[in-house]
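Trainee: As a plain string of letters, each chain reads:
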Amino acid sequence: MSRVLIRGGRVVDPSQSLDAVLDVLLDAGRVARVGEGLESSEGTETVDASGLVVTPGLIDVHVHLREPGGEHKETIESGARAAVAGGFTAVVAMPNTDPPIDSPASVGFVRARGAAAGLARVYPSGCITPGQKGEQLTEIGELLAAGAVCITDDGKPVMNAGLMRMALEYAQSFDLPVAVHAEELTLSRGGTMNEGIIATRLGLTGIPNAAEDVMIARDLLLAQLTGGRLHIQHVATRGGVEMIRAAKAMGVRVTAEGSPHHFTLTDEAVEWYNTNAKMNPPLRSAADRDAVRAGVADGTLDVIATDHAPHHYDEKEQAFEDAPNGIVGLETAVGLAFTELVATGVIDLATMVERMSCAPARAMSLDRFGLGSLREGSAGDVTLLDPLAEWTVDAAAFQSLSRNTPFGGRRLRCRAVRTIVGGRTVWEAGR
Amino acid sequence: MAQELVNPTLGKDLVGLEELTREQITAILDTAETFKEISERPVRKVPFLRGRTVVNAFFENSTRTRVSFEFAEKRMGADTVSISTSGSSVQKGETLVDTARNLEAMRIDMVVIRHASSGSAKFLADRIESHVINAGDGKHEHPTQGLLDLLTIRDHRGPIEGLKVCICGDVLHSRVARSNIHGLKRLGAEVAVCGPLTLMPADVAELGVHWFRRIEEAIEWADVLNVLRLQLERMKAGFIPSLREYNRIFGVTRARVEAAPRDVLILHPGPMNRGVEIDSDVADGPHSVILQQVTNGVAVRMAVLYLLAGGPAHDGEAST
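Residue numbers (this note's numbering), protein chains in the order written: chain A, 1 to 431; chain B, 1001 to 1320.
The reader is advised that the hints may include incorrect statements.
Calculated lysine-lysine pairs in the DSBU-like style (CA-CA distance at most 30 Å, straight line) [stated by the list, open to error]:
#: 1; chain 1: A; residue 1: Lys133; chain 2: B; residue 2: Lys1236
#: 2; chain 1: B; residue 1: Lys1236; chain 2: A; residue 2: Lys156
#: 3; chain 1: A; residue 1: Lys316; chain 2: B; residue 2: Lys1074
Treat the hints as calculated values from the structure; they're not laboratory data.
Please build the complete structure, drawing on both the sequences and the hints.
Mentor: The structure is reproduced here in structure tokens:
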């Protein structure tokens, strides 16, 4: 079926300042027309979208799909299925697999596995340094040619400031964003949660805000120095939000992420050693959470990204300090963004779509492929949201291979009911 | 099995003093008081735990705590087994919870656990039916040490209420400090900490304790000093510049103790680094009650075992 007519939905597309009840016609995998009263012709699949919100396909620029090397946690296929179940039509896969994605061949592997899955579009990222060792640059130009959309040593910071400077300089030949996990390791000192009274009471080594802030400050200065394109991942501190806001005002080329768990939870969620509330950067104070919300609201944090980090049950079923960092996020992101930000009046629905589709497309230059927009000629990637849906998070029902979420049992509003990639429906709720 | 033996005064497990009420702590101390004399008898044995099985699971090195628990268990008549990391299947990659479930499958009543990870005792307690006693979990708590410190202070200074107690040294890494702070606060003591800020946990004041920057000020203020062990590897990690300077600036020395306006009671959880955090003439001097802490440790652990196993209501009952 090559033609799809999505009828009568509220089309919210901030890329063209559109918010109206309209029809969307997809043809040959691309957007053919958006308008009122579009006629269905023979052979056109018609989708009734009345009461639904129709958005350009949502994009998560920060996911861990674990393949190769961690297939017991997630595969590229299961991760891509979790993505479409959560309303995402495209994801950027982090390169900290085993082995890491630091060569053209491994970038090609991720791309091929993603294409074979035929679900969400899977865009690889490549390492900044071979093996994420922080010693020298990868063949960045070759990684780009093989399909990488950004470079990052995510999970690890590039501790050598001089090397980071050169990454930001060298990547400009390819206009590639350099994405960073901002953490000064000598300050985080092997910590496992936010530094503060709860860490003190639980006897856990704390990670101070400064561990993140020092690195954000360094990388903003290096971006300013070099004119490079910096993307700061999962910002969790009020200081980080403030510095990024100030840097943007000065014209530094920086984009940044806010994660659903960081705008929803605080370090109180760790109490009594909940390993599903263990991630890096850690959940922080209420003031930090509120700053992340404000950053998402005013666009300092351009992008909502989940840092989807699946881990096997056995790995999380350990004493807190021994359990790995991270939680799954793809299948709760829409519900959390709507419930925590839209329903509470922090942002409107159009801003949510901007942060989850248009801005992520621009941050990773996926707009060059026609992502993040429903303009005529764009990729036929569409997400249909039911804003009135109320549902309870049930980790056992996840499409992801892993269930490590702190949100199990939580009541959420809004969910993706149909996900269309390249004109093809790849997910329908209840199927 | 285990549930019906739960003493209403203590619950199923002893994970930390933070969760206990003043009444529960007092009940343990009062029970320990009555058990002290058992260790002074020619035949140091009572049948309160006869037929009960206790496993001492020490996944981290310990001599005195392990031996103290073993004496307490044996003097109460329990059957005991001790396992340690080097001889256990944990080294073969078995998880903590699998180890415990296997032990439980052999029908046991209690597990005493020492583990390097904070929260490991609670983790285990939530997953097995047997009673769990925390014998030290990472940097979190060491409740029986806190209790024996309370008992020793009470022996020498009467009611804890209103006493001024300063915990000196490496509070950051100390489970003993956390158990002491919670227990002392619950019983109404004023609590302070003293040491360089590099060894103080974040926001420690929110626990209701005052920080003394200098040991002289702490000693002038305190009725009781609980001097923590300074792990020698802290110097290598940069927390302090040298052991020599630590002793000179923060050490509990005879001159400092004698300059105090009142008789200061000196406690130390051991093992001591003589000449670092405490000088020998203080440790062995008239203010020190360090060996009585060790004696009281056995009584306190007997009391905890007894109360968790059912307490007075279950005296003489056969194990199920």
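Trainee: The structure should be examined with respect to each hint, and the outcome stated for every one.
Mentor: How the hints compare with the structure:
no.: 1; hint: Lys133/A <-> Lys1236/B; result: holds, 25 Å
no.: 2; hint: Lys1236/B <-> Lys156/A; result: holds, 25 Å
no.: 3; hint: Lys316/A <-> Lys1074/B; result: violated, 37 Å
Hint 3 from the earlier list is the only one contradicted by this structure; the remaining hints agree with it.
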